[in-house]
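Go ahead and model the full structure; you've got the sequences and the hints to work with.
Those letters in the sequence shown? Residues 1 to 450, per full-length UniProt numbering, in order.
FRET-style restraints, in silico, Cβ to Cβ:
id : residue 1 : residue 2 : range
1  : Gly117    : Arg36     : 36 to 44 Å
2  : Asp297    : Gly432    : 18 to 26 Å
3  : Arg147    : Lys41     : 39 to 47 Å
4  : Pro348    : Asp162    : 39 to 47 Å
5  : Asp357    : Gln438    : 30 to 38 Å
What the hints contain is simulated information worked out from the structure, not anything from laboratory work. Note that the coordinates shown come from a computational prediction; the quantities given were computed from them, not determined experimentally. Think of the CB as a built atom: it goes at the ideal place given N, C-alpha and C, for glycine as much as any other residue.
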Amino acid sequence: MLAIADDLSGAAETAAGLLSRTTRSRVLLIEPMTLRQELAKPVRLPGEATVLDLDSRQLAPAPAAGRVRTALAATTPGTPVLVKIDSLLRGNTAATATALAEDGAPVVAATALPAAGRTVRAGVVHLGDTPLHLTDAWRAEPTAPPRSLAESFAPLPVELVDLATVRAPRARLAAALTTATAAGRIAVCDAETDADLDAVAGAALALARAPRLIGAGGLAAAVGRHLAAEGRGLAAAGGFAAGRGSAAGGRAGGDAPVGEPPRLPPPRGDRAVLVVVGTAEPASAEQVARLVADGADHHPLPSAALAARAAVEPPAFAADPHPPPSAALAAEPPRLAAGRVTVLSVAPTGTADRRADPRAVVRGLAALAAATLARHPAPADLVLTGGETARRVLEALGIGELEPRGQIHHGAVLSRTRDERSVVTRPGSFGGPDSLRQIVRALTPETPHS
Numbered sequence: 001m002l003a004i005a006d007d008l009s010g011a012a013e014t015a016a017g018l019l020s021r022t023t024r025s026r027v028l029l030i031e032p033m034t035l036r037q038e039l040a041k042p043v044r045l046p047g048e049a050t051v052l053d054l055d056s057r058q059l060a061p062a063p064a065a066g067r068v069r070t071a072l073a074a075t076t077p078g079t080p081v082l083v084k085i086d087s088l089l090r091g092n093t094a095a096t097a098t099a100l101a102e103d104g105a106p107v108v109a110a111t112a113l114p115a116a117g118r119t120v121r122a123g124v125v126h127l128g129d130t131p132l133h134l135t136d137a138w139r140a141e142p143t144a145p146p147r148s149l150a151e152s153f154a155p156l157p158v159e160l161v162d163l164a165t166v167r168a169p170r171a172r173l174a175a176a177l178t179t180a181t182a183a184g185r186i187a188v189c190d191a192e193t194d195a196d197l198d199a200v201a202g203a204a205l206a207l208a209r210a211p212r213l214i215g216a217g218g219l220a221a222a223v224g225r226h227l228a229a230e231g232r233g234l235a236a237a238g239g240f241a242a243g244r245g246s247a248a249g250g251r252a253g254g255d256a257p258v259g260e261p262p263r264l265p266p267p268r269g270d271r272a273v274l275v276v277v278g279t280a281e282p283a284s285a286e287q288v289a290r291l292v293a294d295g296a297d298h299h300p301l302p303s304a305a306l307a308a309r310a311a312v313e314p315p316a317f318a319a320d321p322h323p324p325p326s327a328a329l330a331a332e333p334p335r336l337a338a339g340r341v342t343v344l345s346v347a348p349t350g351t352a353d354r355r356a357d358p359r360a361v362v363r364g365l366a367a368l369a370a371a372t373l374a375r376h377p378a379p380a381d382l383v384l385t386g387g388e389t390a391r392r393v394l395e396a397l398g399i400g401e402l403e404p405r406g407q408i409h410h411g412a413v414l415s416r417t418r419d420e421r422s423v424v425t426r427p428g429s430f431g432g433p434d435s436l437r438q439i440v441r442a443l444t445p446e447t448p449h450s
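And the structure:
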């Protein structure tokens, strides 16, 4: 099975879902064209699951589809494909689906994420009881949200598989998926619970032709549960990218029995922790405020200063002999201290400045994070919110691979790098008010809290 995602936090979430039934999983931050060479290398551990971050969510549709095609070309014929997209349908959903459907393979979409209160009813994404297009979840996006999955995948034809069919006996669900996909339509599945996603995953993976599955982290976890229940490794399900070698038996993460979530590694309280908040989600302001209340050092940066850092390294503030503190900080990274938490964010936290190029802002934030870490002589652990932010920070640090070890809470994936740095990635829209506090305490339980 080939597992790919359109951003890094989604790739980590997918790998964590597959980790529950494999010895190890990893996330690759590489160009799709190098995937074949990477997967041709000897297997390091039996049943290792590999998830590729395509880094395509912010691309234009044509290059985003091109990355999907390149990844597909690295697989052997008959390989099932799992594609993680945003549960809020942001990004290149139509371009991705088009690339998946081009060779006539069956495409099944189940984008519900019950753990986050995101369901699909009558083909419409709901946040709680409210349809997506009636919420402000797309506040930072340049366009309006789609009113349905059919609109998100347009102009590709779709066929709705309603909740009654999803919950019907397996044969009826399988027949509905077969009928829809045989007619060249995307089978768009309703789902409100993890059990619904389990049903879709099981029926889709049993199709006569290897399917292309599109979904959020909930579907990835359902695929992992299905393969564990079947007693098969990911390799047995098509055996290429998301599971090289045999994964029968073994222990997840070295600790938990197959089919159970792995235990997180023990925390290390002697390291500095750098939290980089690149999301424009309003909830992040309260999350950061609670860290500050616990004693964290917070350095909010205006979008303009960060965008300037992305364009010029270091930013040129010579025109003003007495730059404001925020501008001075962009030129002079803060210092980290062992056992302390430092937070970098866009100011005001949880907002989007539409006057600044958002990608330039993220690149500037990543450059500042890298410069901050370069001033610290000892290894520091990282907490990165937002897939784009996480990718740019790790690229700036030259980190090309993560090994997920488990989830602190849903979507907050704790990984280790080859040099044993802890990295927690989390989608920007995930987590309650105590999300960052919970993550930091999992990393540094010895850190004083008020």
